[in-house]
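Participant: Given chain A's structure and the hints, the job is docking chain B onto it.
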Amino acid sequence: MTLTIDERQTIWDTFCRTLTSDVNPTVRAKAAEALGKLGNPTFTPILLDALADRSPLVRHTVIQSLGKIGSTAAIPALIATLTEENSELSTAAALALGELRAEAAIPALLQTLTAPTPSIRSSGAAALGQIGSPTAVPALLAAWQIESDSTAIAQIIDALAAIMARDDTSNQQIQTIAKQIVTRSTNSKLRQSAVILLGKIALADSIPDLLELLKDPDINVVQSAIEALGNAAA
Amino acid sequence: MKITPEPKFGVIQLLCRILLDDRDDRVRRQAAESLGKLSDARAILALSAAAAGDPAAQVRIAAVEALFLISNYEDSNLMSDKPKSQPTFSIQQVGNMNTGDVEIKGDQIGIQQNYNTSPEIQATIAELKATLAEIQTKHPAISTPEEALVAIDAEFTEVKQTDSYKLVHLRQFILEPKCHIKAIKATISEISKHYLEHSVWAKAIITYLENLID
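Chains A and B, in that order, are what the protein sequence lines are.
First residue of the first sequence: 10, per this note's numbering; consecutive thereafter.
First residue of the second sequence: 20, per this note's numbering; consecutive thereafter.
For reference, chain A alone in the conformation it holds in the complex (with noise of 0.2 Å):
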């Protein structure tokens, strides 16, 4: 069974029509989900013009159908949406930016590293691995180094590795952070993170440092170093 153009057509403008005019936020946001799922870039105008919903439901629906549709249109709107009061939806804008591979966001996004609600900071930082741009290290190792929420932290360690693993001088640079953490930092959360980084990129160098921390006063961080032997002697 193929559907006309004017069946495609009739499901569209239901879809349309339920997302600018029906009372229910919950069936506009079902609308929206529906033009996401779809994923046609005909629907990037009208779910922006669905970014000033008064419910944030739908909002929150809304940006994230932009990123599954992943029209670069939408990357001014939702790098306006990631200083949004309300930190859900700055921390979907903050994924669906991800998605979307939008260098153009990187500059609003390191801001989100810093910001004081954990969930944003971790968000903005899922979307620079994606995005993987180098520029993004600097901040990313700062970040790294201050944080406190473990998410957070998994997060910044998770977009390094995605970063280390397609540009050259990052991945030495990074590298060189991360064992000096592993040798001289006195914050456990921070040791165990880094080893945890030097397990991902599987480095066969970093045994020595790793055999080093069987030692390691903290069992969490002899627990992420027997693990990154693992992948470093595969």
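Check before you lean on any hint, since a few could be wrong.
Unchecked claim - Estimated spans, in silico, between C-beta atoms of each pair:
1) B:Glu174 with A:Ser30: 41 to 51 Å
2) A:Arg63 with B:Pro74: 55 to 65 Å
3) B:Lys56 with A:Ala163: 44 to 54 Å
4) A:Thr51 with B:Val46: 52 to 62 Å
5) B:Leu194 with A:Thr51: 37 to 47 Å
6) B:Glu229 with A:Pro85: 46 to 56 Å
7) B:Ala173 with A:Arg110: 56 to 66 Å
Claimed, not checked - Keeping only pairs whose Cα atoms sit at most 30 Å apart, straight-line, the calculated DSSO-like set for lysine-lysine is:
8) B:Lys157 with A:Lys46
9) A:Lys198 with A:Lys188
10) A:Lys198 with A:Lys209
11) A:Lys77 with B:Lys56
12) B:Lys27 with B:Lys56
13) B:Lys157 with B:Lys56
14) B:Lys157 with B:Lys27
15) A:Lys46 with B:Lys27
16) A:Lys77 with A:Lys209
No wet-lab data here; the hints were simulated from the structure.
Model, not experiment: these values are computed from the prediction.
Beta carbons are placed, not taken as given, at the ideal position from N, Cα and C, and that holds for glycine.
Facilitator: Frame of chain A; chain B shown alone:
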């Protein structure tokens, strides 16, 4: 050969009627969900009418989901080789089996990129679509505009006498055509714009609306 019964179509007709007519929200929602599972294009008009006009949010949500499944069903079929459990048939074959069915196929009054038209006209067209879907389901055998007009006239005479939630705008048109001449004309032009050559029902509805303002 005139009519070959096609069981699936019978089920779809029944579910569409339940979706548009049943008094219970949960029953209408279930009808929408089942129509989504069946993923048949012949349910689009009824689902679209439910998404636009059903008073219960849960039914409108289920209708949007079902419409998504219908449009997605086709896409996933394009990617995989053959649908697994659904019978395949081309539109040509359906035409040979059941002439009435082809007429219905031609009756979709598409509204293309009409987000500029006034909300009143959009709402009216949605109501028209809902009503047409309903009338079509009741009279699958009609094949001429004259017959269709008689059916529409009968249906709308009934609308005049019942307080139906679904047809707020349409009812105003029918009750006081003189006050809505402009809106009726706009509706006619909107339908004509997307008027399909073989569409018996579209032709009949336009005639009906024109008679209203004459």
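Participant: For each hint given before, does the structure comply? Return the numbers of the non-compliant ones in rising order.
Facilitator: 1, 2, 3, 4, 8
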